[in-house]
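Visitor: Sequence:
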Amino acid sequence: MDEKFLKPYDPEATEGRLYTAWEESGLFNPDTCIAEGITKPDAEPFSIVLPPPNVTGRLHMGHALMLAIEDAVVRYQRMQGKRTLWLPGTDHAAIATQSVVEKKIKKEEDKSRHDLGRAELLKRIEAYATESHDTILKQLKTMGASLDWSREAFTLDETRNRAVRAVFKKMYDAGLIYRGNRIVNWDPKGQTTISDDEIVYEERDATLYTFRYSSDFPIAVATTRPETKVGDVAVAVHPDDARYTAFVGREYDAVFCDVPIHIKIVADKEVDPAFGTGAVGLTPAHSHIDWEIADRHLLSHEVIIINEFAKMTVPGRLSGMKTTDARDAVVAWLREEGLLEKEEAVKQNISTAERTGGIVEPLPKLQWFVEVDRPVPGRDKTLKELLLESVRSGAITILPEHFEKTYFHWIENLRDWCISRQIWYGHRIPVWYRGEEITVGEAPSGEGWVQDEDTLDTWFSSGIWTFSTLGWPEDTKDLQTYHPTNLLETGYDILFFWIARMILMTEFTLGTVPFKTVYLHGLVRDAQGRKMSKSLGNNMDPLDVTAKFGADAARMALIVGNTPGTDMRMSEDKIKGYKHFANKLWNIARFVLENAENAGIASEWKEENRDKTWASAPERADFPFSTSERPYLDQCDALITEVTRDIEEYRLYLAAEKIYHYIWHELADKILEESKPILLGEDGVARAARARLLLILLDRSVRLLHPFMPFVTEEIFQSLPTRDAPFLMVAHWPAILEG
RNA sequence: GCAUCCUUAGCUCAGUUGGUAGAGCAACUCAUUUACACUGAGAAGGUCGCAGGUUCGAGUCCUGCAGGAUGCACCA
Numbered sequence: 001m002d003e004k005f006l007k008p009y010d011p012e013a014t015e016g017r018l019y020t021a022w023e024e025s026g027l028f029n030p031d032t033c034i035a036e037g038i039t040k041p042d043a044e045p046f047s048i049v050l051p052p053p054n055v056t057g058r059l060h061m062g063h064a065l066m067l068a069i070e071d072a073v074v075r076y077q078r079m080q081g082k083r084t085l086w087l088p089g090t091d092h093a094a095i096a097t098q099s100v101v102e103k104k105i106k107k108e109e110d111k112s113r114h115d116l117g118r119a120e121l122l123k124r125i126e127a128y129a130t131e132s133h134d135t136i137l138k139q140l141k142t143m144g145a146s147l148d149w150s151r152e153a154f155t156l157d158e159t160r161n162r163a164v165r166a167v168f169k170k171m172y173d174a175g176l177i178y179r180g181n182r183i184v185n186w187d188p189k190g191q192t193t194i195s196d197d198e199i200v201y202e203e204r205d206a207t208l209y210t211f212r213y214s215s216d217f218p219i220a221v222a223t224t225r226p227e228t229k230v231g232d233v234a235v236a237v238h239p240d241d242a243r244y245t246a247f248v249g250r251e252y253d254a255v256f257c258d259v260p261i262h263i264k265i266v267a268d269k270e271v272d273p274a275f276g277t278g279a280v281g282l283t284p285a286h287s288h289i290d291w292e293i294a295d296r297h298l299l300s301h302e303v304i305i306i307n308e309f310a311k312m313t314v315p316g317r318l319s320g321m322k323t324t325d326a327r328d329a330v331v332a333w334l335r336e337e338g339l340l341e342k343e344e345a346v347k348q349n350i351s352t353a354e355r356t357g358g359i360v361e362p363l364p365k366l367q368w369f370v371e372v373d374r375p376v377p378g379r380d381k382t383l384k385e386l387l388l389e390s391v392r393s394g395a396i397t398i399l400p401e402h403f404e405k406t407y408f409h410w411i412e413n414l415r416d417w418c419i420s421r422q423i424w425y426g427h428r429i430p431v432w433y434r435g436e437e438i439t440v441g442e443a444p445s446g447e448g449w450v451q452d453e454d455t456l457d458t459w460f461s462s463g464i465w466t467f468s469t470l471g472w473p474e475d476t477k478d479l480q481t482y483h484p485t486n487l488l489e490t491g492y493d494i495l496f497f498w499i500a501r502m503i504l505m506t507e508f509t510l511g512t513v514p515f516k517t518v519y520l521h522g523l524v525r526d527a528q529g530r531k532m533s534k535s536l537g538n539n540m541d542p543l544d545v546t547a548k549f550g551a552d553a554a555r556m557a558l559i560v561g562n563t564p565g566t567d568m569r570m571s572e573d574k575i576k577g578y579k580h581f582a583n584k585l586w587n588i589a590r591f592v593l594e595n596a597e598n599a600g601i602a603s604e605w606k607e608e609n610r611d612k613t614w615a616s617a618p619e620r621a622d623f624p625f626s627t628s629e630r631p632y633l634d635q636c637d638a639l640i641t642e643v644t645r646d647i648e649e650y651r652l653y654l655a656a657e658k659i660y661h662y663i664w665h666e667l668a669d670k671i672l673e674e675s676k677p678i679l680l681g682e683d684g685v686a687r688a689a690r691a692r693l694l695l696i697l698l699d700r701s702v703r704l705l706h707p708f709m710p711f712v713t714e715e716i717f718q719s720l721p722t723r724d725a726p727f728l729m730v731a732h733w734p735a736i737l738e739g
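Mapping of the first sequence onto our numbering: position 3 corresponds to residue 3, and the numbering continues sequentially without gaps.
Treat the hints loosely; a few may be bogus.
[What the hints assert, rightly or not] Straight-line alpha carbon distances no greater than 20 Å define the calculated SDA-like cross-link-like pairs of lysine to any residue that follow:
| hint | residue 1 | residue 2 |
| --- | --- | --- |
| 1 | Lys-579 | Leu-543 |
| 2 | Lys-269 | His-297 |
| 3 | Lys-381 | Leu-543 |
I should point out that these hints are in silico values taken from the structure, not numbers from a laboratory.
Could you build all of it, start to finish, from the sequences and the hints given here?
Guide: Shown next, in the form of C-alpha cells:
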C-alpha cells in the first residue's frame with residue numbers, strides 16, 4: 001500500500017499537483033481525448049461555455065458555486081464518454097471595468113478620463129484587465145475546473161471583435177439596428193446612457209407639489225419635479241374625466257418662471273384620474289411616459305430644458321442651475337406668484353445608475369437601438385416573438401421551471417434595446433461617417449471617414465458568447481460540433497441581462513437556440529443569510545476557503561442541499577464538514593487497500609486489468625462473490641442508477657448528498673464494520689471475496705464522487721489496483737453490471 | 001400596482017409523478033491506543049404558516065388568508 005495513506009489526507013499538498021498533472025495531460029481538450037483513444041471520435045458531444053467572469057477584480061463565492069456545478073456536470077459527461085468541451089473565457093465588462101479603473105485613477109492621481117485622454121485611459125484599463133485576468137485564471141484552476149485552456153476566449157480579443165462587427169452589420173442590414181433620437185436613460189455622473197436593466201430604484205422621500213402654470217390656467221397639475229415644468233408642452237387628462245372634458249383640445253400660453261410655454265390639453269387613457277389632480281403636465285423630452293403620450297398626440301419632443309450635466313438650459317433665473325437647485329427656485333417662484341396650491345410628502349422610487357449611483361436623467365439622445373418589434377427578415381417573427389417562442393416551444397428549458405414565468409413577464413415589458421454607450425472601453429461601434437455617407441461593419445478605405453465615437457453595450461458581445469467562442473463567423477468544426485451548447489449555468493440575477501440577450505442574438509444570427517438547458521443558481525449568502533458584500537466585510541474569498549479546507553470540501557459544501565434558483569447560506573462549519581468527509585474517504589481507501597494486499601487481491605487485480613481499455617470496466621462476473629455479498633452489489637447498483645438519473649436531470653444537490661450518505665453511513669459505518677470479522681477470519685476464500693467486494697465498492701464510490709470532489713477521488717484512484725485509465729477524470733462512469 | 005417564490009425538527013434545508021415525515025449541523029446519553037477523534041453506537045426532537053376544498057388517502061393538487069423575500073413597472 002502506498003505510504004501516503006498512513007497520513008491524514010492533505011488537500012493542500014494534493015490539489016495543486018493533480019491540477020498540473022491533468023492540465024499537462026491535455027485531457028481537458030476533447031480533441032486530445034480522441035487522439036489518445038479515450039473518447040470515441042464519433043461520440044456524442046457535450047458542451048458548456050463558461051459564463052465569462054468580469055475582469056474587474058477577483059472571483060467570489062458565487063463564481064465558486066458556478067464552477068462547482070459546471071465542473072461536476074462536465075466531469076460526469078466526460079466520464080460518460082462524451083466529447084466534452086467546457087470553454088473558458090473572460091468578459092471585458094465595459095462599463096464596470098472602466099468605472100473601477102476611473103475611480104482608482106481619481107483616487108490615486110486625482111485625474112479624470114478627460115485628463116488622460118482616450119488612448120491613455122484604454123492603456124490603463126487594459127493593464128488592469130490583464131492583471132485581473134491572471135488572478136481569475138489562478139482561481140479557476142484552484143477550484144479544479146476542467147476547462148479547455150487551448151480554446152480560451154476574451155470578449156474583446158480579435159476573434160470576438162470580428163464576430164461583434166459581423167453581427168452588428170448583419171442586424172443593421174436586416175433593419176433591426178437603427179440610429180434614432182430617442183429618450184434614453186442618461187447617467188450624468190457616468191456621462192453615458194444605460195439600459196433599463198442597469199437602473200436601480202431607491203425609495204426616497206419627496207414632495208408632491210400641486211400648482212397652476214399661471215393664474216388664468218384652468219387646470220391644476222401635480223408633480224414631484226417642478227423644475228421640469230418649464231419643458232411642458234401639454235396637459236393630459238383621462239378622456240372620461242368629467243372635470244376636464246370641456247378643456248380638451250384648447251391651447252394656452254403662459255410664462256412659467258421666466259420661460260414662455262405653450263400648453264395644449266389632450267385626453268389620454270394612460271392618465272390615472274385618481275392621482276394628484278387627475279391632470280398630468282407632459283414633459284416629453286424628460287420623461288419616458290410623457291414621450292410616449294406625446295407621440296400619440298403628435299406633440300413636440302423638441303423642448304429640451306436639461307443637459308447632459310443635469311443643468312437647466314432655459315433662459316431666465318433658472319439658467320445654468322443644477323436640477324435640484326432649480327427645483328427649489330421654481331417652488332419659491334410658485335409661492336411668490338401664489339400658484340402653489342398644495343404640498344404633500346410622498347414616497348418616491350428614484351432611478352439611479354447601478355455602477356455610479358448617479359440619478360438617472362431621461363434625455364433625448366441620438367443613439368443606436370435594436371428594434372424588438374420588427375419582423376426578422378426570413379423568420380416572419382419579431383425578436384420579441386422569437387424570445388418567447390424559444391422557451392415556450394420547449395427548445396430551451398429553464399431550471400427551476402418557475403423562472404420561465406419571470407422570463408415571459410420580462411419580455412412582455414421589453415422595449416427597444418439601447419446599445420450605444422458613451423464610454424471608451426469596449427467595442428467601438430462599427431460605423432463610419434463621411435458627410436452624408438455611412439459605412440457599417442468594417443472600416444472603409446479612403447480619406448475622411450470618421451468612426452462613431454461610442455462603444456457597444458457590453459451585453460452585445462456577451463450575447464453572442466456561445467458562438468463567438470466557437471469561431472463564428474467562420475463555419476468552424478467546433479461550431480458545427482458544439483453548438484447549440486447543452487447547458488448554460490449562471491445566477492438567476494442575470495436572466496434578463498444575459499440569458500435573454502443570448503437567445504435574442506443567437507436566434508437572429510444562427511436561427512437556433514444558444515443552449516438547450518438553462519440552470520439558474522441562487523445567491524451565496526453568509527451564515528446569517530445576508531448578502532456577501534465588501535461593506536459588511538462578510539465576503540468569503542474562494543482562495544482562502546480552498547487553502548483552509550481544500551477545493552473538494554468547498555465544492556461539496558456549495559452543491560449539497562442547494563436547489564437551483566434558491567439562495568443558500570454558506571459557513572466555514574459547513575465546509576469543514578466536507579473536509580472531514582474527504583478524510584473519511586481517504587481512510588476507507590487505506591482500510592480497503594490494506595486488506596486487499598493482505599488477502600493477495602491487489603496484485604491479482606492488476607494482472608486482470610493490465611490490458612483493459614476505457615470501454616471495458618471490471619465486471620462483476622469476472623470475480624467470484626458469495627451470495628452474502630450480492631446484496632452489497634445490488635445496493636451499490638441502486639445507488640448508481642439513482643445518482644445517474646439525478647445528474648442527468650440536474651438534481652446535483654440530491655446526487656451529491658446520496659453519494660455522501662452512501663460512502664459514510666453505508667460503506668464505512670456498516671459494510672466495513674461487518675467485514676472486519678471476515679477479514680480477520682481463517683477462511684482464505686471468504687477473505688479474498690470480501691476484499692474484492694470492498695475494492696469494487698471503493699472503486700465505484702470514487703467514480704461516483706469524482707464530479708463533486710475531483711481531487712481526493714483522483715488521488716485515491718491513482719493508487720487503486722482497479723485503475724484502468726491514466727486519470728479518474730477520463731475513466732468510465734460506473735455502469736450497472738449484469739451477473 | 002403586476003408577477004414569482006418561500007413558510008417542514010432548535011438552526012440550515014431536502015422531500016422528483018399524491019401513498020407511514022428526511023438529511024446536515026447543534027444539543028443529549030454512552031463508547032474510547034479504533035482504517036479514521038477530521039471517530040463510532042444510541043436516543044430525543046415536527047397538528048409540514050392558518051382556514052377551507054378535491055380525494056379512499058394531501059407536506060405534495062385547488063381556493064382564500066396571514067407573514068417573509070424577490071423581480072418588473074409606475075410614481076405625472
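Visitor: For each hint, tell me whether it holds in the structure or not.
Guide: Comparing the hints with the structure gives:
no.: 1; hint: Lys-579 <-> Leu-543; in the structure: 15 Å, holds
no.: 2; hint: Lys-269 <-> His-297; in the structure: 12 Å, holds
no.: 3; hint: Lys-381 <-> Leu-543; in the structure: 47 Å, violated
Consistency with the previously given hints fails for number 3 only.
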